[in-house]
Amino acid sequence: QMTQEQCTHRNNVQSSEKPQVYKVGIYGWRKRCLYFFVLLLMILILVNLALTIWILKVMNFTIVSPLLLLPY
Numbered sequence: 001q002m003t004q005e006q007c008t009h010r011n012n013v014q015s016s017e018k019p020q021v022y023k024v025g026i027y028g029w030r031k032r033c034l035y036f037f038v039l040l041l042m043i044l045i046l047v048n049l050a051l052t053i054w055i056l057k058v059m060n061f062t063i064v065s066p067l068l069l070l071p072y
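If you're matching positions, the sequence shown starts at 1 in the numbering used here and goes up one per residue.
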């Protein structure tokens with residue numbers, strides 16, 4: 001049988017503890033992987049654009065006739 005003092009002491013200890021605070025966001029290895037995938041996607045986009053422009057220049061496409069290959 002607990003006395004009144006023990007009961008109030010237990011309640012005070014429980015209420016004085018800090019409530020569990022959950023961090024909002026992505027931390028640790030998940031954040032690192034997310035940054036890696038974003039960086040990889042940006043590199044792929046830049047390579048894709050560079051190759052597209054290179055192909056357009058090498059194949060000598062013009063605005064007037066983009067599907068007509070000009071003979072050398």
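These are calculated hints, taken from the structure and not from any lab test.
For every residue, glycine included, the Cβ atom is placed at its ideal position computed from N, Cα and C.
Be aware that one or more of the hints could be misleading.
[Stated by the list, open to error] Per label pair, the in silico range of CB-to-CB distance:
hint : residue 1 : residue 2 : range
1    : Y27       : L49       : 31 to 39 Å
2    : Q20       : W54       : 54 to 62 Å
3    : L44       : V21       : 23 to 31 Å
4    : Y22       : M59       : 53 to 61 Å
Could you say whether the range 54 to 62 Å given as a hint is met by the Cβ separation of Q20 and W54? holds, 56 Å
Distance restraint hint 53 to 61 Å, applied to the beta-carbon atoms of Y22 and M59: holds, 56 Å
Quick check: does the Cβ-Cβ distance between L44 and V21 fall within 23 to 31 Å? With a Cβ separation near 38 Å, L44 and V21 fall outside 23 to 31 Å, so the hint is violated.
Has the hinted range 31 to 39 Å been met by the Cβ atoms of Y27 and L49? holds, 33 Å
In summary, the one numbered hint that this structure violates is 3.
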